[in-house]
Structures are given as C-alpha cells and as structure tokens.
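Top to bottom, those sequences are chains E and D. Mapping of the first sequence onto my numbering: position 134 corresponds to residue 134, and the numbering continues sequentially without gaps. Here my numbering runs 1000 ahead of the position in the second sequence, where the first position is 1.
Hints were generated in silico from the structure; no laboratory data involved. Quantities reported herein were computed from a predicted structural model and do not represent experimental measurements. Take these hints with a grain of salt, some might be off.
To be verified - Straight-line C-alpha distance at most 16 Å; calculated EDC-like pairs for lysine to aspartate or glutamate:
(1) E/K293 - D/E1224
(2) E/K186 - D/D1262
(3) E/K165 - D/D1262
(4) D/K1441 - D/E1349
(5) E/K165 - D/D1382
(6) E/K163 - D/D1105
(7) E/K165 - D/D1248
Said to hold, decoys possible - Here are some chain E residues pointing at chain D (derived, C-beta under 10 Å):
(8) E127
(9) N128
(10) K130
(11) T132
(12) P134
(13) K165
(14) L168
(15) G174
(16) A180
(17) R188
(18) K242
(19) T298
Said to hold, decoys possible - Looking from chain E toward chain D, a few residues come up when the C-beta cut is under 10 Å (computed):
(20) I12
(21) A13
(22) K120
(23) N182
(24) Q183
(25) S297
From the three backbone atoms N, C-alpha and C, an ideal C-beta is built for every residue, glycine too.
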Amino acid sequence: MIIDINFIGLIIASIMASAVPLILASCGELITERSGVLNLGVEGMMIIGAISGFALMTVTGSLIIAIFGAMLAGVLISTIFAFLTQTLITNHVATGLALTIFGIGISAMIGKNFVGIPGKEFPVLFENLKDTIPLIGPILFGHSIVFYFAFALPFMTNYFLKKTKIGLIVRAVGDSPVSASNQGIKVRLVRYLCILYGGAMSGLAGAYLSMIYTPQWIENMTGGRGWIALALVVFSTWNPIKILIGAMIFGGLTIIQFHMQAIGVRIPVQFLTALPYIVTIIVLVVISRDSRKIRLSTPSSLGKSFHKDN
Amino acid sequence: MNTNLKISNVTKIYPGCVANDNVSLEFNSGKIYALLGENGAGKSTLVKILSGVIIPDEGEIYLNKNNLKLNSPLDAKKNDIGMVFQHFNLFETLSVFENLIIDSDEQRESLREKIDLIMKKYNFSIDLDIPVLNLSAGQKQKVEIIRCLIRNPKVLIMDEPTSVLTEQETSELFLSLKKFSEEGILIIYITHKLKEVMQLCDEVAVMRRGKLVSVSEIKNENIESLANKMVGQNLKTIKKKKAKTSSDQLIKITNLNFTSEDPFETNLMDINFSVNRGECLGIAGISGNGQSELFQVLSGEIISEKNSIEFNNSYIGNLNPQERREYLMAFSPEDRLEQAAIPQMKIFENVALNNFKSSNFFNNGLINENKIKEHSKKIISDFNVNTDNIELKSQFLSGGNLQKLIIGRELITSPDLLICFNPTWGLDVGAINYIHETLIKINEQNKSIILISTDTDELLKLSDKISVIHKGKLSKIMNAEEVTSEKLGILMGGAN
Ligand SMILES: Nc1ncnc2c1ncn2[C@@H]1O[C@H](COP(=O)(O)OP(=O)(O)OP(=O)(O)O)[C@@H](O)[C@H]1O
Ligand SMILES: [Mg+2]
C-alpha cells in the first residue's frame, strides 16, 4: 500500500482542526481554574458561542462582528455564573451545571430559526503555500486565523501565568484567597475577570465550530466538547502546554475513528467517545500517587467559595 | 527618625462579642512592645485593624500625628505598617521569590538584590526558588519578615510568631527583632509566652475581654504579675505530686518502624518503649524530628505491624483510630482545627465525631441528637468551655476553648490512655493551667498519658518519664527527676 505523504499531512491537519475548539475552551477554563473557580458550564458557554456566532453572521453578514459577538455572548453568560458564585456565594459545581443546562436550552430555542441555513465561507491564510512543501505544507498553511490563534494560545497562556505580574496574582488567588486578600489583592475582582475570560474563550470555541469547522447550525452541535475541554484541564494538570498535547490526542481520537472504519477496524464509537475521560482518570490516578506533585500543580482553593470575612 | 503610632478609642463589635472595646494605646519607635491577653481577648483584632484587614466600627489611628484611613491592607502598606499574621499568609505552591514579588512594584533584578542584601544583613538563608511548602515553619516566618522589610516599614507587628518555632529559631528571631528595633522600627509583639516578653520587650500592654487593662514597663513586672494581669485573678501554680510507681504495664511498643514515601517526612527507626498505668511518658524534641509521624503511628492514622503495639495485652498495631478507641485509647492531635475538629461543624456535631460505640450516639444508623447534645453540655460545663451555645460553629471558639472541648470529648469515655501532641500551643496561661491540671488528674486516676510536646517546661512539669526524639529515633527513657532542661536541650540537639 502506498501512502501519499500529503495525505498524512492532511490527516494531521484535520486532527489539529478538531483540536482547536478544545484548546480554546481549555485554555480559558484553565485561567478560571487557576484563580480557584471551577466553572463546569463550559459546554453551555460553548454552545451559546456557537449559536451567537452563527446567528450574527447570518443576520449581519459580518464575520468580525460574529466572532466578537460570540465571545461577548460567552462573557455575558459567564457573568451570570460570576455573579452567582462570587457575589451571591453559590456553590460552583451546581451553578456550573445549571449554566450548561441553561446554555443548551436557550441555544436550541434561538437556533430554531437558523436550522438548515448554509454558513458562509471563512477566509483562510497562506492558501497558496499549501502545496509548496510536502507533508509540512498542508499542516502549516491554509487555515483560518482562529486556528493559528488557538495554537499560539497555550504558549501565551503559559507566558502569562509564569512571567507576568497579573498571572502571578491569578495563581496566588487560586492558591490562597485568604492570604491574597490579606495582602490587599482584590480576590473577587480577579476571580470575576478570570471567569469572564474563560467565557470569552468558550464562546470563541463555539463560534469556531459553527462558523469554521462545520459552518452551519445544528442543535447540540458542541456534542460534549465542553466536557472534554474540562477533562483536558485536569489531564494537563493545569499546565497550558500539556493542553496542546492532550487536545491533539483527544481531537485525534475522533479523526482516527473515521479512518479506522475506512480500513475496516471496528471499535465501538461509544468506546472512543469515552476514551478522553478514561485517559483523564488514568492520568489523575498516576499523578495523585505523588501527593506533593498534585499539591503543586492543583490550584489549592479550586471550587471553594471565598467569603471576605472569615 | 522617630515614629509615633497612636490608637485612639478603637471599638470593634462582632455579633455576640465586643472584640475591641474603646482601646487607646500609644507606641514610640526604639522600643519593643508586648501585647498580652487571654485567648479571645482581642489582640489579633486590634493589630488586624492596624494593618487594614479589619475596619473598626469606631476610633482613629494616627501615625506621626497623621490620621490614617486604613480601609484595606494596601493602605497600611502604603503607610509603612508591616505585619506578620498569626497564621501564615503565604502562597504555599508559589516559589519564595514569587511570594515576595507579588506585592512589590520593583523589577525582578533589583528586588532580588534587595532581598539578598536583607538576607545577608540579618543572617537569613533561604532558597528563593523553591515552593514555600518545602520550607520549615521558621523559614516561612522569615519569608514573611522579609516581605515586610522590603518595604522599609516604620512599624512591624508580629502576631504570635513563636508558637510554631523551635527554640533555636526563636532566639534567632529575637536577635533580628532587636536589630530592627535599634534601627528605629517600632515593634509590636504578641505572644502567650511570658518568658519571651521578659526577655525581649520594653513595655507591655495587657488586654482582657476586649478592653485594655494595663500598660507598664517590663522592668516593673515579672512573670507572675503579668499572668495575674492577663487572667484578672491570682493564678495558682500547679505541681504534680510524685506518682506512686506502678509496674502494671499498659502499652508496649516493640521495634516499631515507619518509612515514608514523602521526602519531607521523617522516618521512624526502631521505636521501643512502654508506659505503665498511672504514668505520663513525655516525648521531647525539636519539632520536625518525627513527632507527628509518631503520633500518627500511635493513633492509628498510620497503620503498622500488628505485633509492634501491645495495648492492654492485645496486639493492636494494625487497627485504625476508631478501632483503637474501642480499646480505650484517646487522642488529641496537634492541629486543633484541621485534625481534631471540623471547623465548619457545630460544637455538638464535633463531639459526636468521637463515635464511640458505647456512647450510644447512634441508634441503628440514626443520629441520637438529644443524647449528643446532653453529652456536649456536660463537656462544656465539666471542662469549663467558655460558651453556652452548643450550636456554635467550632471555628468561632478560641484556641483554648477548642482545646478544652477536645480534651473533654476524648476524656468523657474515660480512656485508659490519652495520647496528646502539643496540647497547649497557642493557649493563654489560664487555659494552659487548666489543661495541665486536667492531665495531672488523669494520672491520679491511674490512667496513662503519652505527651508528645516541644515545650520542655511543660514536659518537666507533667512527665514521670521522659525520652527525646531526634531524627526519628528515641533516646533511652529517663526518670523525670534525673532530667534537667539543659540535659534535654543537649539530647534534642542530637548528642548522646
Ligand atoms: N469573624 C468573626 N466573627 C465573630 N467573632 C469573631 C470573629 N473574629 C474574631 N471574633 C471574636 O473576637 C474575639 C477576639 O478575637 P481575637 O482573634 O482578636 O483574639 P486574640 O486575642 O487574638 O486570641 P488568641 O490569643 O486566641 O489569638 C474572640 O472572642 C473571637 O471569638
Ligand atoms: Mg490572635
């Protein structure tokens, strides 16, 4: 069997494309969690982003408005979460789950009018360079701006957390909100901003799905990617670079599934769908064998509410 | 330059408690001030007001005649007031340097230089690039102090800095504080250790139930006079009567070993000892030499070989704490709020946690709340816990009252053996006296105690036999009469 080298390039490129929404949403959620907030509403924020992006594109015709509108929609819905968990001190887990249910419901309602409408073509960059280098060409060139942004994001997130003052403050708040508050850091403000940022990134991830990856609106089109993004954050042990690796593995699973079926290898779809979660659990088991390591990598206050006076 | 800090008519009221009641005080640089008072007297509240963490209901603060508006910790920092809190305020998973740079406006390089200078000047040596959780308590404290010094403070407040320090670390701290004072930093020092006050301070202010009750110069005071001022009455000095030696063996530890996977824990090597009925065995040592591991092995938090622990003629090394309780053992761990009690739970719920089979707290899996509450009330009155509300969350009890509750909870089952680990750290003299009296009474009833403590005076006061733990090994067991604190000190340092 002769395998065309460009075909391998294409497969890798398609794996990367399916990793994009995972990277975006995970990197956003990673910042949220690093500040000590557990937002389980990623799936909900993503689907709101997806319908907002698609709807704005159809109505206004402007891709830029649609992309930024989707991010804004993510910000708005995460504001609800932030207000509930930070101002009214509700439980993070329950509120996050409610957010997902809310997001799925409201997107289906708005989306009714947009079912079956064809999407618009999203411009790609460096299209002409695609065929110049074998294997590498299809991998590197001919993608949307969001694609390039997604692959730069883990590195930027890493730089932000490790090298900038604000990144340090985010980590400090996640480590000990009480100490941070005693040092004069405005814990609630920091957490608000981290939640809204996570919302924006989830919104963008959703818009990527409905505007670029499969340009159309289908009800429930995020199909559990929000949950995988959440699992990815844990899988990565809150390290943005590992998110990149994890997203490639998890994204690759879906693509490989197609190709395996084509060659005649049959693995139940359900197993492949479950695989990301199984892998995450295995990773968790492995890292939790070393209690110091898990202590150092997990934001200590994750999911715990912070009241000013105690 | 002289610094003058004035607190004027400060009041802070919490629901059900006046933490600071119209307090006025004045401080001048060049002196070290002690702030004394029982648990819950309002010392921490007062200094938290000075550092902007708590906003008072009434009253003013003046620094060099300027009225300060301290609405946030940042305001205090801007006005050169630095504070080391009672509970560490560090970010454990961040590196030392990250902990220091977080509230500094300086560039990395210049800050590093500055920190190096400070460390050289005061003889600190700390690796700036390891996470704080790898540091010892003394080192963490130094990080907190460096954090204050970076800002060239005019005022430095220390809230019970030595309750977690070894004696060596304490004397190092005192040297630094004296240096700071000579350099013109005004120092306010909170402690329960009256010896330290006599050693270190120039003036002393005493608070009781939120009120300031006395301000005086140290040269006019002694340990007894200070203790009496704090408690408001004459403290009786307690002394243990020499126990009639019994030869009735209660617990025997043979060739007990523990090897930890965590490189920051201490391994226990070949522990052998026995305790007779009616006896108190004291285990001395500088903290971090295996005391907490030893406590966990004895309590069953860490399970060992079955035959390594013989209690009342049964082998129990492989039993968990719950099962050991059934054999009439009781435990009082070091960390009151994390290990001994659950802070968010109510007093009576915490009492029920000592789920002793014969206590009948649970009937067929259901909670017998009346029984538990009745029992809790008995503990509160028998052990002099200063509250009458058993529905109160345990976190709002002062350290001393929580400790009395825990000891009370453990003793109400009339155990044959009580194992305690630093039972009086952070407690005021009155509460310490009470706990000591209780422990002596236990021995008088022919029950036994294993007292693991870093406080040498306490050990000499209460023990019949003493051993020293060093790097996970026990010294030979000595009769308490033959031991002096000098001798203990030498053994604690690792000499033979
Ligand atoms: N957030 C709060 N809510 C209600 N009561 C409080 C609160 N904080 C402190 N208190 C009460 O205020 C009083 C003074 O507390 P504070 O911490 O100042 O005592 P302290 O003198 O520092 O005692 P210790 O020696 O045990 O540290 C105590 O009775 C305490 O129970
Ligand atoms: Mg205090």
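Each hint tested on the structure:
A threshold of 16 Å between alpha carbons decides the hint, and for E/K293 with D/E1224 the separation of about 49 Å lies outside it, so the pair is violated. Only pairs whose Cα atoms come within 16 Å are accepted, and E/K186 paired with D/D1262 is rejected, the gap being roughly 35 Å. Annotation: proposed proximity of E/K165 to D/D1262 is violated, straight-line Cα distance about 32 Å (limit 16 Å). Distance restraint check for D/K1441 and D/E1349: the Cα-Cα separation of roughly 27 Å exceeds the 16 Å cut-off, and the hinted pair is therefore not satisfied.
As the CA atoms of E/K165 and D/D1382 are separated by approximately 54 Å, the hinted pair breaks the 16 Å bound. Between E/K163 and D/D1105, the direct Cα distance comes to roughly 15 Å. Compliance with the 16 Å bound is thereby established for this hinted pair. For the given pair, E/K165 sits about 64 Å from D/D1248 by alpha-carbon distance, which is inconsistent with the 16 Å threshold. Checking E/E127 against chain D by beta carbon gives a least distance of about 43 Å; that is not within 10 Å, so the hint is violated.
The interface hint given for E/N128 is broken, as the beta carbon of that residue sits about 44 Å from the closest beta carbon of chain D, more than 10 Å. Given hint, E/K130 at the interface with chain D, is violated; its Cβ is 43 Å from that chain's nearest Cβ, farther than 10 Å. With its C-beta approaching chain D no nearer than about 43 Å, E/T132 sits outside the 10 Å limit, and its interface hint is violated. A distance limit of 10 Å between C-beta atoms decides the matter here; for E/P134 the minimum to chain D is near 45 Å, and the interface restraint is violated.
Checking E/K165 against chain D: minimum C-beta separation of about 8 Å stays under 10 Å; hint holds. A cut of 10 Å between beta carbons decides the hint on E/L168: the least distance to chain D is about 6 Å, and the hint holds. Taken as an interface hint, E/G174 checks out: its beta carbon lies about 9 Å from the nearest beta carbon of chain D, inside 10 Å. Taking 10 Å as the C-beta contact cut-off toward chain D, the hint placing E/A180 at the interface holds, the least distance being around 8 Å.
Proximity of E/R188 to chain D is violated relative to the hint, the smallest CB-CB distance being about 13 Å (cut-off 10 Å). Given hint, E/K242 at the interface with chain D, is violated; its Cβ is 17 Å from that chain's nearest Cβ, farther than 10 Å. A least Cβ separation of about 8 Å between E/T298 and chain D falls short of the 10 Å threshold, and the interface hint therefore holds. Interface hint status for E/I12: violated, as the beta-carbon distance to the closest one in chain D is roughly 36 Å, over 10 Å.
The beta carbon of E/A13 is not positioned within 10 Å of any beta carbon in chain D (closest approach about 38 Å), and the interface hint is therefore violated. Contact between E/K120 and chain D, as hinted, is not supported at the beta carbon level, the nearest pair being about 46 Å apart and thus beyond 10 Å. The criterion of a C-beta within 10 Å of any C-beta in chain D is met by E/N182, whose closest approach is roughly 5 Å, and the hint holds. Interface restraint check for E/Q183: the shortest CB-CB distance to chain D comes to about 5 Å, inside 10 Å, so the restraint holds.
About 8 Å separates the beta-carbon of E/S297 from the nearest beta-carbon of chain D, less than 10 Å, and the hint is met.
Taken one by one, the earlier hints fail for this structure at numbers 1, 2, 3, 4, 5, 7, 8, 9, 10, 11, 12, 17, 18, 20, 21 and 22, listed in ascending order.
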